[in-house]
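Fit chain D to the supplied structure of chain Y, relying on the hints for placement.
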Amino acid sequence: MTTGFFSQYGSEIATLTLEHLWLTGAAMLFATAIAVPAGIGLTRAPRWAGPVIGVTNILQTIPSLAMFGFLLPLPWLGERAARIAILALAAYALLPILRNTYAGIRGIDPAISEVAQAMGLTNIQRLFKVELPLAASFIFAGLRTATVTCIGIATIAAAVGAGGLGELIFRGVASVDNRLVLAGAIPAALLALAADGALGLLERWFRIPGR
Amino acid sequence: MSAAIQFRNLSFATAQGRLLLDNISLALDQGTTTAILGRSGSGKTTLLRTVNRMIDPTGGEVLLHGKSVRDTDLLALRRRMGYVIQESGLFPHFTVERNVGIVLEAKGRPQSARTQRSHDLLTAVGLDPATFAQRRPHQLSGGQRQRVGLARALAAEPAILLMDEPFGALDPLTRAEMQDMLRTLQDRMKKTILLVTHDLDEALYLGDRIALLSEGKLIAHLAPQEFMASRIPEIESYIRSFHRGERAAQVRAN
Chain Y
1 MTTGFFSQYG
11 SEIATLTLEH
21 LWLTGAAMLF
31 ATAIAVPAGI
41 GLTRAPRWAG
51 PVIGVTNILQ
61 TIPSLAMFGF
71 LLPLPWLGER
81 AARIAILALA
91 AYALLPILRN
101 TYAGIRGIDP
111 AISEVAQAMG
121 LTNIQRLFKV
131 ELPLAASFIF
141 AGLRTATVTC
151 IGIATIAAAV
161 GAGGLGELIF
171 RGVASVDNRL
181 VLAGAIPAAL
191 LALAADGALG
201 LLERWFRIPG
211 R
Chain D
1001 MSAAIQFRNL
1011 SFATAQGRLL
1021 LDNISLALDQ
1031 GTTTAILGRS
1041 GSGKTTLLRT
1051 VNRMIDPTGG
1061 EVLLHGKSVR
1071 DTDLLALRRR
1081 MGYVIQESGL
1091 FPHFTVERNV
1101 GIVLEAKGRP
1111 QSARTQRSHD
1121 LLTAVGLDPA
1131 TFAQRRPHQL
1141 SGGQRQRVGL
1151 ARALAAEPAI
1161 LLMDEPFGAL
1171 DPLTRAEMQD
1181 MLRTLQDRMK
1191 KTILLVTHDL
1201 DEALYLGDRI
1211 ALLSEGKLIA
1221 HLAPQEFMAS
1231 RIPEIESYIR
1241 SFHRGERAAQ
1251 VRAN
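Same order as they appear, the protein sequences are chains Y and D.
Residue numbering for the first sequence follows my numbering, beginning at 1 and increasing consecutively.
Residue numbering for the second sequence follows my numbering, beginning at 1001 and increasing consecutively.
Next comes chain Y alone, as it looks inside the complex:
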């Protein structure tokens, strides 16, 4: 790639990278806000765990291009491409976060949960002082998988006009310009690697020896 290429596309790459981050970030926030409480709820009603995790599992099997397409004709959502993209990405992020939150809490040594109860901790205290800290590393592992997946799938969001780095890739493919494809693909890959590294650090930070 030449300096000419960068002077021509540099600011657009930066804008689209930010847009990509925004789509992924919003979707992750949305998914986390749903999946973490839902995962906690399932540990309180384990007989629902199979069906609920099953549904999120099915969501994940829908091909991403089809998912964006399905959402397009919906009222309100269809008006803005970014809304569709965020909803679709959040749907993909649900499974790993939900599953890891559920498994992380269920995997805690039953003796520990029991002692917390026997010590007279309230349900809220048990959740925030014992269960969530002990499950935190698992929950972050789920967030990590979900984020990396979302950054990848977000490139498809350009197909419905939601922007992001996928736009450069689609344009590059259409105009048979590999430089444009790479200008979208490389920053997307770097974003994924950075998210993977940062969340991996958090995951390690919260790992409890002897858990």
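Incorrect hints may have been included.
Simulated DEER-style distance windows between Cβ atoms [to be verified]:
#, chain 1, residue 1, chain 2, residue 2, range
1, D, R1070, Y, P73, 54 to 60 Å
2, D, Q1139, Y, L201, 19 to 25 Å
3, Y, F128, D, E1246, 47 to 53 Å
4, D, S1040, Y, L29, 47 to 53 Å
5, D, G1168, Y, A198, 41 to 47 Å
6, D, A1113, Y, T122, 17 to 23 Å
7, Y, A198, D, G1108, 48 to 54 Å
8, Y, A198, D, A1015, 44 to 50 Å
9, D, R1070, Y, P63, 53 to 59 Å
10, D, R1231, Y, G41, 54 to 60 Å
Hints listed in this document are in silico derivations from the structure and should not be mistaken for laboratory results.
Just so you know, these numbers come straight off a predicted model, no measurement behind them.
Just so it is clear, CB atoms sit at the ideal spot from N, CA and C, and this is done for glycine as well.
Coordinates of chain D only, in the frame set by chain Y:
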């Protein structure tokens, strides 16, 4: 005076209909240690857990000084009782100090009071706070963990101490040290202790009374010397299984 802990016609059946406790009536005096002895599956732990309502009996009731545990606020009830289990059940993500102070933390006591109390208790169970307060459970030996477990159980100055095989996982020498420590502490504290064990030696050494359970039934409730002299078949078979190695060695020596 009403008993510190009284089990009255207590029964517990599982949802599948298996009877784990069968009409148990037993009164424990304040300030005494009662060893609940029995094989695995005899109902010892189940009996213990009805006191802090980790299990609610399906028949009969548990009374503390004449008042049913069911009529007491659940959290208050549990915070008034120390609870020690095998392998200590320490919270792996807390320091030793925070583990010891957790009941006070749950009750909303200020940090300074918790720290002070937990350092005093660590000293009482033979752990130097300067060395141990900031350690995590995985940095302790099995015996040290049980000491912390005991300190934690004592933090809220409970009148009752529930101990479920507290020394079961320790090597014999460490176990003996822990038993001595508990005895020394108990001479001073005079708690009402319920100690679940399958170890006859431990029951004799620590118990003021021994309650023997078998298949959910109370077989006997006796002082140690009465227990050893008893002709009840279940007790005799328990005693026969005791000190077998010692006796075999003596036979060989003769």
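Quick rundown of the hints versus the structure:
1. R1070(D) to P73(Y): 54 to 60 Å: 58 Å, holds
2. Q1139(D) to L201(Y): 19 to 25 Å: 23 Å, holds
3. F128(Y) to E1246(D): 47 to 53 Å: Given about 52 Å between the Cβ atoms, the range holds.
4. S1040(D) to L29(Y): 47 to 53 Å: 50 Å, holds
5. G1168(D) to A198(Y): 41 to 47 Å: 44 Å, holds
6. A1113(D) to T122(Y): 17 to 23 Å: 20 Å, holds
7. A198(Y) to G1108(D): 48 to 54 Å: 36 Å, violated
8. A198(Y) to A1015(D): 44 to 50 Å: 47 Å, holds
9. R1070(D) to P63(Y): 53 to 59 Å: The hint (53 to 59 Å, Cβ to Cβ) holds, given that R1070(D) and P63(Y) are roughly 57 Å apart.
10. R1231(D) to G41(Y): 54 to 60 Å: 57 Å, holds
Of the numbered hints stated above, the single one contradicted by the structure is hint 7.
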